[in-house]
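Student: Given chain A, put chain B in place with the hints provided.
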Amino acid sequence: MATLLFLVAFFRAAPPVTRPMVLCLWATAGLAGVAMAAGLAGGATVLTPLLVLHIFAASSGFGLAMKRGHYDLVLARGVSVIGLMTAHWLASIIPGLTAWLAVAALEPVLSRAEPAALTSGSVFAFLLASSFPWAFTTPLPRFTAAIGWLVLLVTSLAIIPSGQLHLLGALRAPQPTALGALAVVAYPMGLLGVDALHLPAGTISPGVGCALLSMLCAAAWNRRADVPLETAA
Amino acid sequence: MIDVVLSVRQLSAQRSRQLVAQAVSFDLRAGQVLGVVGANGSGKTTLLRTLVGFVSPASGEVRIEGRLPPAALRLTPTAYFAGEATLPGFVRASAWGSLGTGDVVMTDRRRIRALSRSTRQLLGLRTALGRHPLRLIVLDEPWEGLDPDATRWLSATLETKRDRGAAVVLSSHRLHDLAGVCDKYLFLTGAVPTLVRAHEIARSGVVSAEQLIDAFDRARDHPTTAIALTDGQPGGLTTLDE
Numbered sequence: 000m001a002t003l004l005f006l007v008a009f010f011r012a013a014p015p016v017t018r019p020m021v022l023c024l025w026a027t028a029g030l031a032g033v034a035m036a037a038g039l040a041g042g043a044t045v046l047t048p049l050l051v052l053h054i055f056a057a058s059s060g061f062g063l064a065m066k067r068g069h070y071d072l073v074l075a076r077g078v079s080v081i082g083l084m085t086a087h088w089l090a091s092i093i094p095g096l097t098a099w100l101a102v103a104a105l106e107p108v109l110s111r112a113e114p115a116a117l118t119s120g121s122v123f124a125f126l127l128a129s130s131f132p133w134a135f136t137t138p139l140p141r142f143t144a145a146i147g148w149l150v151l152l153v154t155s156l157a158i159i160p161s162g163q164l165h166l167l168g169a170l171r172a173p174q175p176t177a178l179g180a181l182a183v184v185a186y187p188m189g190l191l192g193v194d195a196l197h198l199p200a201g202t203i204s205p206g207v208g209c210a211l212l213s214m215l216c217a218a219a220w221n222r223r224a225d226v227p228l229e230t231a232a
Numbered sequence: 000m001i002d003v004v005l006s007v008r009q010l011s012a013q014r015s016r017q018l019v020a021q022a023v024s025f026d027l028r029a030g031q032v033l034g035v036v037g038a039n040g041s042g043k044t045t046l047l048r049t050l051v052g053f054v055s056p057a058s059g060e061v062r063i064e065g066r067l068p069p070a071a072l073r074l075t076p077t078a079y080f081a082g083e084a085t086l087p088g089f090v091r092a093s094a095w096g097s098l099g100t101g102d103v104v105m106t107d108r109r110r111i112r113a114l115s116r117s118t119r120q121l122l123g124l125r126t127a128l129g130r131h132p133l134r135l136i137v138l139d140e141p142w143e144g145l146d147p148d149a150t151r152w153l154s155a156t157l158e159t160k161r162d163r164g165a166a167v168v169l170s171s172h173r174l175h176d177l178a179g180v181c182d183k184y185l186f187l188t189g190a191v192p193t194l195v196r197a198h199e200i201a202r203s204g205v206v207s208a209e210q211l212i213d214a215f216d217r218a219r220d221h222p223t224t225a226i227a228l229t230d231g232q233p234g235g236l237t238t239l240d241e
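Taken in order, these protein sequences are the chains called A and B.
Under numbering that gives the first Met the number 0, residue 232 is the last one in the first sequence; the count climbs by one each step, no gaps.
Under numbering that gives the first Met the number 0, residue 241 is the last one in the second sequence; the count climbs by one each step, no gaps.
So that you can see chain A by itself, here it is in the shape it has in the complex:
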């Protein structure tokens, strides 16, 4: 219990998500509320910017901070690397999660569209956006996974004619396809507001499986990696 309280205190003092990013998430949630109240947008439309920001927030770069000695104080208390990693992951996704839940709470009150934040598709999209970026950024600097994902997505959409329609079509097709499975990972916005439980299992499961696998790989990498000191220049 004391260790848990210390971890909470530690990540309150040294949050993995920067304050400007937290402010951006809350501003986006606020703007979503305004847009819903004014009838300008609702459903998946207001959740898309929040999901993109959350991908950036979750790309918080655990390993580099650890190698710079930022978590020595925690490790010296006997907290395992896996315990520290889990706490870091939670601290990385909590700002996005609270902003998401705020929109979910506002939707029934303000939006004229069907509530979308808590549909199974939106929950899947949020989980994917919480796991992949964090896991991939574990050995890399902050935002690397989000920037890489953004570059890939923008490039793909730019070079494939009607790329977004192709991805959405494959994602929501009644029969599972390889492109549909890829779209779950590459274009999670396509899941927002969708009832994912009615999508073919072959479309959703590879993405969810890959997300779990990426987290397990990150855990294994962190567990076996030593923590030599690599102080910032």
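To be clear, the hints were calculated from the coordinates, so they are not data collected in a lab.
Only a predicted model underlies this, so the values are computations on that prediction, with no experimental measurement involved.
Think of the CB as a built atom: it goes at the ideal place given N, C-alpha and C, for glycine as much as any other residue.
Mixed in with the good hints there might be a few duds.
In silico contact screen, one side only, chain A against chain B (beta carbon under 8 Å); selected entries [claimed, not checked]:
1) 69
2) 77
3) 225
Tutor: Just chain B now, with coordinates in the frame of chain A:
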């Protein structure tokens, strides 16, 4: 033995698969201080991180009160600090300072990166040493960047903690820092470090800076031979490891 806090047996420490220290063996009891001395890049930081379990040893074993680190750190209150460069610069000083015991050790609300080097070092030390009681203290270059007042505070704090039963490991590349402070010295002068007891350097056990420099030079120049006494007494050769 119950009062042995840190027990090291045939330890080889490695950095990026390169051995930095081999076959290190010693016991450190409650109330004892070990000084790790070596040039920049000699492996002091890697060795100290191996002692607390942050880095796996290439071979050998470290035990903290009989248990293997890092799990041992859960049961043995330990302070570890590797210098102000390890503090996250974006965190507010007052928030970081309160992580030691929950008490405020610094009221400054500026971000750590905005503080002077001396203040950052002091903040890190006060936060790490703030816990009570401490059984093991491992500090990497703790005097680096400290101003005279902070240096006096550190010396007094270490003395108090040691008297209350903490085993202390200190490293420095400046021999003056460690002179007269330690019961044992580990010289990282070659592949196999040299371990010397203070009374082997000076019969009184209180080692002056000159005596320590002389002993370090001897260890560096003749890494496989013993250290002779240098305090004017007939110099008997002594064993180097325990």
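Student: None of the hints should be skipped; say for each whether it holds.
Tutor: Going through the hints against the structure:
1. Restraint check, residue 69 of chain A versus chain B: the minimum CB separation of about 4 Å is within 8 Å; hint holds.
2. Residue-level restraint check for residue 77 of chain A holds (minimum Cβ-Cβ distance to chain B is 3 Å; threshold 8 Å).
3. A distance limit of 8 Å between C-beta atoms decides the matter here; for residue 225 of chain A the minimum to chain B is near 4 Å, and the interface restraint holds.
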